[in-house]
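*Asks:* What follows is the residue order along each chain.
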Amino acid sequence: MRKIAIFVLLLFMSLQACVRSPAKQILFDDPSLSRVWPSPPEQPRIKLIKVFKGAEEFLNPKGRIQSFFEALTGEHGHSFDLMAPAGIAADGERFIYVADPSARLVHRFDLRENEIVYLTHAGTEPLASPVGVALDMDGNCYVTDSVKAKVYKYNADAEYVGTIGQGVIDFKRPAGIAIARNGNKYVADVLSNKVFVFDRYDRFVSDFPNPLYSEGLNKPVNIAVDKSNNVYVTDAFSFAVKVFDEKGNLIKTIGRIGDGPGTFSRPKGVAVDSESHVYIVDANFDNFQIFNEEGRLLLYVGSAGKKPGEFFMPNGIFIDREDRIYLSDSYNQRVQIFQYIKEQAAK
Amino acid sequence: MKFAAIIIITFLFFGYSLSEGAGKKISERGNKHNFSYQNISSNYRALPTGEMEGFPSRSNQICVFCHTPHGSSGEGPLWNRQASTVSFFKHFSSASLAIDDPSVRGISEYGQPNGSSRLCLSCHDGVTALGALFSTPSGATPMYFLDVRTGQSGTNIHLPYETYSSHHPVSFKYDVNVRNILTSPPYNRPYWFSPANGVTLDRYQRMQCTTCHDPHQDKSDVQDPTTPFWTGKTYAEVCKSCHNMASPPSFP
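If you're matching them up, the sequences are chains C and U in order.
Position one of the first sequence corresponds to residue 1 (the working numbering), numbered consecutively onward.
Position one of the second sequence corresponds to residue 348 (the working numbering), numbered consecutively onward.
Accuracy of the hints is not assured; some may be wrong.
Here are the simulated BS3-like pairs of lysine-lysine, each with C-alpha atoms no more than 30 Å apart in a straight line [what the hints assert, rightly or not]:
#1 C:LYS342 / C:LYS306
#2 U:LYS520 / C:LYS53
#3 C:LYS172 / C:LYS150
#4 C:LYS47 / C:LYS306
#5 U:LYS520 / C:LYS306
#6 C:LYS307 / C:LYS47
#7 C:LYS227 / C:LYS150
#8 C:LYS307 / U:LYS379
#9 U:LYS379 / C:LYS150
#10 U:LYS379 / C:LYS172
Hints in this document: simulated from the structure, not taken from any laboratory.
From just these sequences and the hints, can you work out the full model?
*Replies:* Quick look at the structure:
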């Protein structure tokens, strides 16, 4: 009965979206925010442009979805805000997807229509622990579920389409997922110590590393891919990010265990900007560190706290084609968005 | 002969799970928090090769997986030459291993997670380690759709945000003063303040994950997956250190 209520609710939510006029356009640039890194007089490289917690501030007037929900179920006091955001992805124009494993759903924020859709099920199967999310060029969304050990696909209308790797790959704990410009998908499987590669048609292509020819992975948790199809893998038990070429050969390692700049304690999300700088989040340090292609430290951004530009056990990170940096600030239960100021522009 | 060997091997493997008395020490095989590659009785462990650039032997150093040793890259960030190169952490500058921010001292309100609980949650996030600490029963609907009663039962007592679904809070100060408030109107809740039987608060008198769970060794008489790394001999003994109840506590 409850499930039916939810389906009806979700149906209403999508219908609701069609009739609601955009009440408040969410702009990326929030003029009230002024933080930049590094601080003056150094040349600014990173600018904080947006902080948002989810439904409460996203929807205006507040609570139209919520009142629908309450009318349907007779329950009150529910919130649709972010709970403990993990993986994050955006198309740079309209959609931001945030995986929220504690809430057992993926939030889809539609910045153009001011609408939120929740991915709660894969068909009739409820999500158990959605941790990773990635978008392809056609707007399809791929979600990794670390408990169900599956990778689900949704189309651009947030409708469930199917799983990938079914019957071919025995996922153990898929977590990080990234999609290259050529449409290839890379899935980091924590327990398999492998990265699985699928092509743009979701066909399994290969996996790496091959322990016979390359250094192994040791609990890979997050992943990113750059414009040259190099693959960056956060390797939790190595306390480092390992960089592989398109063929899966290890080409370098960034960072090592430690408690100071250039090292890691709990490395989490990884992302690459348009100039091939590598951004690596550390949940224990409450920051992300930026490295150049050679693996030298350029900058660290953020510190422990609850104010804008401060973090509380951050997790996922994603960079869109406009070099906007989306960070899941997990225990502050929010997303913070930054702009990378290009080296050319900065000069 | 072959039969005897099977019996012995079976006993060796299953003997672990049937053993009574405290569980394996962190330094021993069989302790699930021993991530050394040599802990072959656990399927969640480091690989013997290729980890920790420059420190290949670390895959056998059981402490570093949770307790990060000193170290930095030795160079300042190129985009910010004025930046500090000192530790991001404060915890090693103090006498104990607790990560801490001095500004939270003496505060009893939720600021969770702080202190050592952060160490637990930085791995138990659903990825590196499963966030089973925080999950709803298998097949349950998303948290937003749970009613209060479902949300508070069983494993859900650990849900991280009481605003969504009440859970057992951590990272708050618990002392006689806090107890007195809770036992007086309007709360009138039955609470003790008698940390004992392995139940300990941290050095700022805060309840943490470690108040009920000893991440280094399960101290319970019979190891039970519903009370992993338990600090006391029995389930009830630990709960009843604070909860003044005749029977094993529930969380209504």
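*Asks:* Each hint needs a verdict: does it hold in this structure or not?
*Replies:* Going down the list of hints, with the structure as the test:
1. C:LYS342 / C:LYS306: Holds. C:LYS342 to C:LYS306 sits at ~27 Å (cutoff 30 Å).
2. U:LYS520 / C:LYS53: The given pair, whose Cα atoms are some 27 Å apart, holds under the 30 Å limit.
3. C:LYS172 / C:LYS150: holds (8 Å)
4. C:LYS47 / C:LYS306: At roughly 17 Å apart (the allowed maximum being 30 Å), C:LYS306 and C:LYS47 satisfy the hint.
5. U:LYS520 / C:LYS306: Measuring from Cα to Cα gives roughly 20 Å; hence the hint holds.
6. C:LYS307 / C:LYS47: Given that 30 Å is the threshold and the Cα spacing comes to 15 Å, the pair holds.
7. C:LYS227 / C:LYS150: At roughly 27 Å apart (the allowed maximum being 30 Å), C:LYS150 and C:LYS227 satisfy the hint.
8. C:LYS307 / U:LYS379: The given pair, whose Cα atoms are some 37 Å apart, is violated under the 30 Å limit.
9. U:LYS379 / C:LYS150: holds (25 Å)
10. U:LYS379 / C:LYS172: Holds, at roughly 18 Å.
Checked against the numbered hints given earlier, this structure breaks only hint 8.
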